[in-house]
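Undergrad: Sequence:
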Amino acid sequence: MTDVPGSGPSPVRVLRESYEALMAVVEPLGDEESWVPTACTGWAARDLVFHCLGDAQRALVALHTPASGPADRDAVTYWRDWAPDPTGAANGRRWSRVGASMFLCFRQLRALYLETAAAAVRAAAATDPELRVATQGHVLTAADLMTTLAVEATIHHLDLVPHLPDAPGPSATGLAAVRTTLDGLLGRPVPLDWTDEHYARAATGRAPLTETERRSLGPDADRLPLFS
Numbered sequence: 086m087t088d089v090p091g092s093g094p095s096p097v098r099v100l101r102e103s104y105e106a107l108m109a110v111v112e113p114l115g116d117e118e119s120w121v122p123t124a125c126t127g128w129a130a131r132d133l134v135f136h137c138l139g140d141a142q143r144a145l146v147a148l149h150t151p152a153s154g155p156a157d158r159d160a161v162t163y164w165r166d167w168a169p170d171p172t173g174a175a176n177g178r179r180w181s182r183v184g185a186s187m188f189l190c191f192r193q194l195r196a197l198y199l200e201t202a203a204a205a206v207r208a209a210a211a212t213d214p215e216l217r218v219a220t221q222g223h224v225l226t227a228a229d230l231m232t233t234l235a236v237e238a239t240i241h242h243l244d245l246v247p248h249l250p251d252a253p254g255p256s257a258t259g260l261a262a263v264r265t266t267l268d269g270l271l272g273r274p275v276p277l278d279w280t281d282e283h284y285a286r287a288a289t290g291r292a293p294l295t296e297t298e299r300r301s302l303g304p305d306a307d308r309l310p311l312f313s
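Per my numbering, the very first residue in the sequence shown carries number 86; after that it's consecutive.
Since the hints were derived computationally from the structure, they do not count as laboratory data. Each hint should be verified, as a subset may be incorrect.
Label pairs and their computed distance ranges (CB to CB) [said to hold, decoys possible]:
id: 1; residue 1: T172; residue 2: E215; range: 32 to 38 angstroms
id: 2; residue 1: G154; residue 2: D116; range: 43 to 49 angstroms
id: 3; residue 1: R299; residue 2: Q221; range: 29 to 35 angstroms
id: 4; residue 1: T126; residue 2: G93; range: 32 to 38 angstroms
Predicted model, so just to flag it, every value in this text is computed and none were measured. Every residue gets a Cβ at the ideal spot worked out from N, C-alpha and C, and that includes glycine.
From just these sequences and the hints, can you work out the full model?
TA: Here it is in structure tokens:
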């Protein structure tokens with residue numbers, strides 16, 4: 086799938102660049118670095134890599150699960166089901182920590198993540214973007230699925246790098262997709278001069294709002310995090 090002039094990057098390009106940027110962080114990690122903390126409560130880098138492996142596996146399944154019914158979610162409304170849930174978050178933390186701990190050598194987990202993420206990108210490139218696919222109880226176009234996957238990968242990229250000072254940052258296309266998604270959920274462009282990175286963190290509960298920011302957002306401040 087190629088980009089259409091004037092329409093912005095295609096969803097498959099956004100997914101590819103987001104996944105490749107995250108893979109570039111994971112690929113050089115050694116066992117010792119896999120234990121550094123992340124921005125996700127309770128997770129070391131290896132736990133987050135295990136979670137991202139699950140995302141890539143879900144991508145492969147969804148891209149090969151055509152749906153017969155109409156789409157009931159798009160790239161923005163998909164996230165409305167992911168409001169903060171303390172119980173679900175705690176269960177997810179335990180799941181990933183236990184799962185990651187089963188890999189006694191981090192290089193095995195790293196290799197499995199890298200090959201699965203690369204396979205997901207290849208599958209996306211071979212999929213009709215208008216194909217309706219099923220994932221997590223909903224139906225959406227493959228193009229919208231690709232955008233949601235890129236958004237999640239970009240946010241987790243930001244989660245992974247706080248204690249990896251030499252790691253490259255997320256892709257520009259991925260950050261732009263995050264901003265577009267958050268603006269869509271907010272219902273307007275955010276009325277603050279935030280960088281894409283800070284917007285991603287603040288709007289998903291990863292960075293607290295200052296009083297000045299709360300005043301600028303007005304009633305919308307109480308709607309954050311928009312998803313977690």
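Undergrad: Decide, hint by hint, whether the structure agrees.
TA: Comparing the hints with the structure gives:
no.: 1; hint: T172 / E215: 32 to 38 angstroms; verdict: holds (37 angstroms)
no.: 2; hint: G154 / D116: 43 to 49 angstroms; verdict: holds (46 angstroms)
no.: 3; hint: R299 / Q221: 29 to 35 angstroms; verdict: holds (32 angstroms)
no.: 4; hint: T126 / G93: 32 to 38 angstroms; verdict: holds (34 angstroms)
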